[in-house]
Amino acid sequence: MRILLVEDETDLLSSLALALREGGYAVDTAADGEEGLYKAMNWSYDAIVLDVMLPKLDGWTVLARLRKAKKTPVLMLTARDAGRDRVRGLDTGADDYLVKPFDLDELLARLRALIRRSAGHASNGLQIGEVLIDTAARTVSRAGKHVELTAREYALVEFLALHRGEVVTRTTLYEHLFDEDDSTLSNLLDVHVSNVRKKLGHDLIATRRGHGYQVDGPDGDIP
Amino acid sequence: MIFRSIRWRLQIWHGLMMVGVLIGFGVTAYQLERATRMHQVDQELEERQRNLRQSLREGAREGPPDGPPGRRGDAPPPRHGLHLPPHLSRYFSKENSPAYYGVIWTRDGQQLGRSDTAPVDVPSPGRVRPEAGTITRTRGTVREAYSATPPGEVVLAGRSIVPELAALRSFALGLLAVGGGVLGIGLAGGWFLVSRVIRPIHAISETAGRIAAGKLSERIRTEEADSELGRLAAVLNGTFARLDDAFAQQRQFTADASHELRTPVSVILSQTQATLARPRSPEEYRATLEACQRSAQRMRRLITSLLELARLDAGQDPMDRQKFDLAKTVGDALELVGPLGEERSVRWTTDLSSAPCTGDAEKISQVVTNLLTNAIHHNRDQGEVRVTVRAEEGGAVLTVADTGVGIAEADLPHVFRRFFRADKARSHGDGRTGLGLAICQAIVDAHQGRLSVTSLPGAGSTFTLRLPAA
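Listed in order, the protein sequences are those of chains A and B. The numbers in the first sequence follow my numbering, run straight up by one, and end at 223. The numbers in the second sequence follow my numbering, run straight up by one, and end at 693.
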């Protein structure tokens with residue numbers, strides 16, 4: 001999952017980026033509205049965390065312009081909790097709204113919910129065959145047994161599982177699993193896929209030659 | 224108490240006045256009526272009395288109407304009954320209704336004669352002088368008119384006025400009934416009028432009540448803007464609007480202040496929570512602590528500024544007023560702030576001439592320092608700050624002109640507003656609270672001075688401080 005973080009307060013930006021990266025997300029950052037809008041328009045993020053008070057372009061404007069082109073889920077951060085602001089945010093197209101000061105746990109939980117909802121899932125549990133993914137705890141089990149995955153491996157499985165049934169291209173996977181600072185090479189993706197197959201079974205991820213990867217399976221969400 | 228309401232007081236006053244007027248009117252009408260009736264009776268009585276006198280005189284010429292002729296002046300025995308000529312006797316007959324009667328006395332008060340119709344106990348009016356003319360009197364239910372003949376006999380004619388008294392009584396009753404009716408109608412009309420007058424007052428007090436209860440945006444409806452109440456409503460509406468504004472500003476200020484405090488708190492929260500999520504290296508802990516320290520310092524600056532503003536607002540800050548030279552204050556401030564300009568190669572141009580003024584030199588120094596640092600802060604690199612101090616009639620004037628980006632015309636009126644930032648790009652983390660100019664303004668206001676700004680966008684801004692000499 002790749003996330004864009006737009007926040008002009010350096011100390012806040014750095015700690016949020018750290019927390020999100022440690023939460024298993026690929027994180028891009030922007031320190032003002034213009035940069036944020038540019039990045040949001042040019043990459044496909046799984047979610048955007050957008051501060052309202054920003055230099056150059058404020059959060060409302062960024063959101064309004066972004067909404068003309070993209071449906072990326074947006075979580076607004078604001079230091080005002082007036083109901084009017086809340087309504088305005090949701091009306092402009094924000095998907096969620098968090099008032100400063102907030103707890104990191106809450107931010108992470110809301111982001112998970114946003115991403116899950118935008119992929120069309122209602123709960124934290126995903127089941128593909130005998131593989132069970134808990135997106136809240138970020139754990140995977142196979143046939144009831146816990147399987148240890150690295151953060152990247154987990155991100156790969158989660159992304160494919162959330163987009164189950166779709167063929168996900170390698171480019172998309174790169175876009176969503178690695179952030180702008182990652183200097184990883186394409187080979188690495190194959191390594192992760194092969195590792196996941198070793199741990200969760202070879203038929204979980206199917207390779208569509210020339211297209212990308214796909215997770216199949218008729219099973220739905222776990223309530 | 225209900226009777227203390229304006230409605231009741233007006234009603235009571237109105238009622239009392241009406242009762243007074245009606246009583247006055249009624250009494251006058253009654254008196255007039257009574258006078259008219261009595262005058263009529265008196266005329267009748269006078270006529271009969273005159274006739275009686277006439278017949279007495281004729282009788283004297285012809286001799287006494289009955290009895291042996293005698294010398295006048297002798298004390299004649301009292302005689303009862305008058306022998307009147309026929310044309311007179313019908314005046315005093317019992318067939319008349321009302322019945323007239325006549326009585327004649329000698330000058331000594333002895334009854335000379337009386338008609339059959341006269342009551343037995345008519346008292347003598349005593350000695351009457353002939354030139355007094357006809358005198359009338361009322362005894363109970365009879366009215367009498369009498370006069371004296373030149374020789375001294377007293378001739379009296381009288382009759383019962385029972386019918387007149389009865390008519391007057393019914394007239395009085397009629398007056399009372401009409402008066403009561405008029406009073407009732409008047410009171411009802413008064414009630415109606417008072418209601419009409421009171422209704423807008425009620426409307427005003429109800430609206431004012433709702434406003435007092437917190438609906439500050441409500442206004443009194445003013446349909447009749449020209450009436451006294453309309454003007455009152457307009458004045459009240461103006462007051463409410465100012466109150467509303469003041470509250471709105473207060474709310475805005477509180478919202479802004481909490482907004483400014485939320486950001487550093489959220490930095491501390493997210494920094495500590497992110498760092499504490501797992502074990503870190505000492506360098507990482509250090510970086511987190513430094514970030515927390517920065518946030519805490521920022522909050523401290525903000526709190527200090529807020530407290531200072533609150534004190535200035537409340538007028539609590541004691542202003543140590545004394546005479547001082549503004550040029551010296553500015554010179555000292557320049558020494559302090561000057562090096563700051565070097566970092567951005569900002570050139571100082573100064574023209575300081577002695578300018579005495581009165582005030583708290585330390586507070587003014589704070590204002591000057593703020594204006595100077597602002598001039599550097601908002602200047603371009605290799606820019607210039609021109610500082611002049613001069614004496615002017617009635618005070619001292621300081622101008623600080625920078626060559627920065629200037630302030631947009633739309634922003635100029637808000638520059639001194641609390642938490643206003645024309646430059647949103649510098650909104651965070653530059654160590655500025657957004658309260659500096661607001662504090663300056665408050666300090667200058669407390670000195671009865673003036674702080675103003677002009678600006679040419681793109682070319683720079685000029686801040687002007689005027690302080691009174693005394």
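Hints listed in this document are in silico derivations from the structure and should not be mistaken for laboratory results. A few of these clues could be false.
Stated by the list, open to error - On the chain A side, residues computed to face chain B include the following (Cβ under 8 Å):
(1) GLU9
(2) LEU18
(3) GLY24
(4) ALA79
(5) ARG80
(6) ASP96
(7) TYR97
(8) GLU106
(9) LYS145
Said to hold, decoys possible - Cβ-Cβ distance ranges computed for the label pairs, FRET-style:
(10) A:ARG84 with B:ALA682: 45 to 51 Å
(11) A:ARG84 with B:GLN516: 30 to 36 Å
(12) B:ALA682 with A:GLY120: 55 to 61 Å
(13) A:ARG21 with B:ALA682: 24 to 30 Å
(14) B:TRP571 with A:ARG84: 30 to 36 Å
Quick caveat: nothing in here was measured; it's all calculated off a predicted structure. Think of the CB as a built atom: it goes at the ideal place given N, C-alpha and C, for glycine as much as any other residue.
Each hint, compared with the structure:
no., hint, in the structure
1, GLU9, "holds, 5 Å"
2, LEU18, "holds, 5 Å"
3, GLY24, "violated, 13 Å"
4, ALA79, "holds, 4 Å"
5, ARG80, "holds, 6 Å"
6, ASP96, "violated, 16 Å"
7, TYR97, "violated, 14 Å"
8, GLU106, "violated, 10 Å"
9, LYS145, "violated, 26 Å"
10, A:ARG84 with B:ALA682: 45 to 51 Å, "violated, 38 Å"
11, A:ARG84 with B:GLN516: 30 to 36 Å, "holds, 35 Å"
12, B:ALA682 with A:GLY120: 55 to 61 Å, "holds, 56 Å"
13, A:ARG21 with B:ALA682: 24 to 30 Å, "violated, 46 Å"
14, B:TRP571 with A:ARG84: 30 to 36 Å, "violated, 46 Å"
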